[in-house]
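Enquirer: Here the protein sequences come in this chain order: A and B.
In case it helps, my numbering puts the first sequence at residues -7 to 499.
In case it helps, my numbering puts the second sequence at residues -7 to 499.
Keep in mind that the hints were calculated from the coordinates and are not lab data.
For clarity, every value in this text was computed on a predicted model and none was experimentally measured.
A couple of the hints might just be wrong.
You can't tell identical chains apart in this list, so a pair holds if it fits in one copy or across any two.
[What the hints assert, rightly or not] List time: in silico EDC-like cross-link candidates among lysine to aspartate or glutamate, alpha-carbon distance up to 16 Å: (1) Lys60 / Glu166; (2) Lys243 / Glu308; (3) Lys396 / Asp309; (4) Lys243 / Glu394; (5) Lys425 / Glu203; (6) Lys314 / Asp392; (7) Lys408 / Asp387; (8) Lys130 / Glu454; (9) Lys139 / Glu389; (10) Lys396 / Glu308.
What follows is each chain in one-letter form.
Number of protein chains: 2
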Amino acid sequence: MKLLSFAFILICGVAFAQNSPIKTFVSNQDNQHRWLNEYAEFLSIPNVLGDSINMLRNANRISEMLSKLGIKSELLYSGKYKSAPSVFGEIKVPGATTTIAFYAHYDGQPVNPKQWAEGLAPFTPALFTDRLDQGGKKIPFPTAVEKINPQWRLYGRASSDDKAGVFAIITAYEALLKTGSKPTVNMKFFFEGEEEAGSINLDEIFKRNKEKLNADLWVICDGPRHISGKKQIVFGVRGDVNVDLKVYASKRPLHSGNYGNWAPNPGMRLAQLLSSMKDAEGNVLIKAFYDDVTPLTALEKQAIAKIPEVETILKEDLLLAKPDGGGKSFIELLTLPTLNINGMQSGNVGTMASNVIPTEASAVLDLRLVLGNEVNRQVQKVVDHVALQGYTVIDHEPTDAERKQFPLLAKLTKRKGGYNAQRTTMDLPLAQKVAKAIETTIPYEVVKVPSAGGSLPLFLFEQLIDGKPITVPIVNYDNNQHAENENVKLEYLWEGIETMAAIMQLK
Amino acid sequence: MKLLSFAFILICGVAFAQNSPIKTFVSNQDNQHRWLNEYAEFLSIPNVLGDSINMLRNANRISEMLSKLGIKSELLYSGKYKSAPSVFGEIKVPGATTTIAFYAHYDGQPVNPKQWAEGLAPFTPALFTDRLDQGGKKIPFPTAVEKINPQWRLYGRASSDDKAGVFAIITAYEALLKTGSKPTVNMKFFFEGEEEAGSINLDEIFKRNKEKLNADLWVICDGPRHISGKKQIVFGVRGDVNVDLKVYASKRPLHSGNYGNWAPNPGMRLAQLLSSMKDAEGNVLIKAFYDDVTPLTALEKQAIAKIPEVETILKEDLLLAKPDGGGKSFIELLTLPTLNINGMQSGNVGTMASNVIPTEASAVLDLRLVLGNEVNRQVQKVVDHVALQGYTVIDHEPTDAERKQFPLLAKLTKRKGGYNAQRTTMDLPLAQKVAKAIETTIPYEVVKVPSAGGSLPLFLFEQLIDGKPITVPIVNYDNNQHAENENVKLEYLWEGIETMAAIMQLK
Chain A
-7 MKLLSFAFIL ICGVAFAQNS PIKTFVSNQD NQHRWLNEYA EFLSIPNVLG
43 DSINMLRNAN RISEMLSKLG IKSELLYSGK YKSAPSVFGE IKVPGATTTI
93 AFYAHYDGQP VNPKQWAEGL APFTPALFTD RLDQGGKKIP FPTAVEKINP
143 QWRLYGRASS DDKAGVFAII TAYEALLKTG SKPTVNMKFF FEGEEEAGSI
193 NLDEIFKRNK EKLNADLWVI CDGPRHISGK KQIVFGVRGD VNVDLKVYAS
243 KRPLHSGNYG NWAPNPGMRL AQLLSSMKDA EGNVLIKAFY DDVTPLTALE
293 KQAIAKIPEV ETILKEDLLL AKPDGGGKSF IELLTLPTLN INGMQSGNVG
343 TMASNVIPTE ASAVLDLRLV LGNEVNRQVQ KVVDHVALQG YTVIDHEPTD
393 AERKQFPLLA KLTKRKGGYN AQRTTMDLPL AQKVAKAIET TIPYEVVKVP
443 SAGGSLPLFL FEQLIDGKPI TVPIVNYDNN QHAENENVKL EYLWEGIETM
493 AAIMQLK
Chain B
-7 MKLLSFAFIL ICGVAFAQNS PIKTFVSNQD NQHRWLNEYA EFLSIPNVLG
43 DSINMLRNAN RISEMLSKLG IKSELLYSGK YKSAPSVFGE IKVPGATTTI
93 AFYAHYDGQP VNPKQWAEGL APFTPALFTD RLDQGGKKIP FPTAVEKINP
143 QWRLYGRASS DDKAGVFAII TAYEALLKTG SKPTVNMKFF FEGEEEAGSI
193 NLDEIFKRNK EKLNADLWVI CDGPRHISGK KQIVFGVRGD VNVDLKVYAS
243 KRPLHSGNYG NWAPNPGMRL AQLLSSMKDA EGNVLIKAFY DDVTPLTALE
293 KQAIAKIPEV ETILKEDLLL AKPDGGGKSF IELLTLPTLN INGMQSGNVG
343 TMASNVIPTE ASAVLDLRLV LGNEVNRQVQ KVVDHVALQG YTVIDHEPTD
393 AERKQFPLLA KLTKRKGGYN AQRTTMDLPL AQKVAKAIET TIPYEVVKVP
443 SAGGSLPLFL FEQLIDGKPI TVPIVNYDNN QHAENENVKL EYLWEGIETM
493 AAIMQLK
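From just these sequences and the hints, can you work out the full model?
Expert: Spelled out as structure tokens, the structure:
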């Protein structure tokens, strides 16, 4: 087995270095003690958007971290009131001809401290022996002589999403510096402060700093490693747009006895309309829904074939007997557009329900887009489908005249925002080099995912700064991202430093 | 035309008396002035269940009204804590062999004073020149010399539903007394105080007073006259039962991007399940749904054919371009069982919507029953239908093991309460006599409706006191029953006295 592995590694032209200087440096207990304390202190600065003073404290702390390593930094502002700045730093490496920009964000999701487990608070980082819901016990921060267990978890808001990215990127450069390892590329650091609010001002910051943010590749350090635990590179994201849909019945709510069978029920109308959009396996039945999807490239298909199976883990974790998709793999399904019912409502359920025929029924749809889809065209497909079901589609509350004239009325409106998918080609030479660099830190092939299921406005990188983004996530999958009890497994944090350091030394 | 009408009346054996002593007495301005003031005072006593002191004040006021006419009354209690009593009175008429019991209720629907129009309060009766939303102006109560306009409306809670019934029944007997008109039947008066709460203690009161409440016919004076404005007799009510339905997906809410296309959406499942229950015209597709419906009798069909058309009025009023029912008439549709979605919900709509795949979706169904249907059998039809769609139907929140085992899980539970339909045969001789009696007060045939669309626990009359109920409503259709700004048109109130007086003199 060992021989075979070795042969495989040679064929791939990649050397997994079991004892590289970086690995040794990262394993060093003194370093880990210092990092653990520094990182916990960093996490203790609240980072929820709107708390402008603390957002600035976070940005300044990052500037200090860079400054300690001899990197001059500056804060980039959008110019909008209360907008949190991005932190920018740059390292020019003599002889380097390639520039890689590293991205992470320092803001975190809003918190509801009441939802956090006993003994936990979002901005009071706490150490546990294991995952809280799997028997983990709270322990004090270790003394200098106590060995740090890589299975320990550090709990706190943004411990994974995404101060881990900020920490790993900067610490990777520290590891290079202190081990005398030479970076092979020029580096730019860009740490955003408004990602969780939808990067609302990123476009403005990009427009103001196009020259400064020029790079050959953007490494986005955000999100978790593959569900299997393997390191991965994600080459794209889906786009996203929301649609509000409302159907109508009588103008006044009616007694369900006095009018039942004669007066149409808007909930039933909505149910019939929604159910016309998907079959029992979740395939979208809307005409031309999949027609403009850019087919997967051969390379993407090959990559997908190599991605470890995750369905078994997910079905067990989510208690799902049978997923949608008619047998297509999880990852393949993420490369297709979606139509999801975020919410639907008519009348009341539970104790507030009454024997009434309501006047209207509403749904909010979430349309995820893939390469080839276009926001307005995707919304139009839904409009056309609703019209095909006999509805008169309007973009306003119906007038009395419209109610009298049209048997079936649907209001359909696109919500503000919404953007297309972004995908970076998997055969981009520089991305291949990043993959190989990461593979020097692991005894297996890095998982290459054509597109994540989720959405990020990565199109902004392409459109506004000619950037080619790829995502290299480092944290554990079960980190409770966006929710209460967010955490990071220390093993993943340390390995994240190695990952980023390897990219800085790509060949 | 006159000759023809006269001929018709002779053929029917009924004489519409344009100037009967009762009509003259009811038209008398002194009487109307007195009644208007007395009725307004009666309405000013709050009558919402739970307000025990005022409920008792109402009951005592009714006893006084009876007492003034020489009728001894008593309060019938259910024995339950805070239960409002029913008021019972009786008149034995020498020589009479038939006993008619008159029913009305003195409690009203709960009120939210804030919802009432400016200048109106639920228990401060106010007089208007016309319907409030049709240009009606508030006017002071008239002085003794001012003529009372029958188009005026009296606003206040229970002005129509159902103190109007109490008032008309008692005042009808006053009219008989004071005009020297002889009643032809023994009479019982029964005024309930808990109808709006679902007659929750009526069974107990019936059980305790079976002998006392023995009668050949029960005249239920509740609800509005026919939408066309004509007087009507309603021979039955639909039954009613509510069902809670919930379907499930993953146990945790999921990111709609990260899992979209793979994780099933519970809202879509519910939409598909609900839409399988009805076709586009509102016909229920559940197996055997209509199979046990007792067919309409020839008499009922004849009666239906004679009922004035109401669709035109309703479509205009409710701004409905096309009703359900595939062309069946409004009244025919009320003789069929219903399946109505009172409410449905999954996730959130509006500003609270987020890009999530919710964990579950719920609906509350209202099943109206007609003659032949049985509550438990009707619910079972829905259970069977859900199972036929591939669902495992459970009556509890699913366990983890059930979630893992069954691809489709639906929780379906019948709500407490629920009762069958009741219908009194239209050829009941005494009911025919009531119809003829009413027709002495009108120049047209009384509208005979086999069944109302709504539900009342009239089966209690049949089951517990061997009663045969028919409903004789007196108030205007547009009275805002159960809602804010409840009102009664004085013309209908006066005509209601005539209707009840005629029944007391039936031949």
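Enquirer: Each hint should be assessed against the structure and marked as holding or not.
Expert: Structure-based check of all given hints:
| no. | hint | in the structure |
| --- | --- | --- |
| 1 | Lys60 / Glu166 | within (9 Å within a copy, 101 Å between copies) |
| 2 | Lys243 / Glu308 | between (47 Å within a copy, 10 Å between copies) |
| 3 | Lys396 / Asp309 | between (50 Å within a copy, 10 Å between copies) |
| 4 | Lys243 / Glu394 | within (11 Å within a copy, 42 Å between copies) |
| 5 | Lys425 / Glu203 | neither (24 Å within a copy, 97 Å between copies) |
| 6 | Lys314 / Asp392 | between (45 Å within a copy, 14 Å between copies) |
| 7 | Lys408 / Asp387 | within (14 Å within a copy, 42 Å between copies) |
| 8 | Lys130 / Glu454 | neither (44 Å within a copy, 68 Å between copies) |
| 9 | Lys139 / Glu389 | neither (65 Å within a copy, 45 Å between copies) |
| 10 | Lys396 / Glu308 | between (52 Å within a copy, 7 Å between copies) |
This entry does not satisfy hints 5, 8, 9, going by the numbered hints stated previously.
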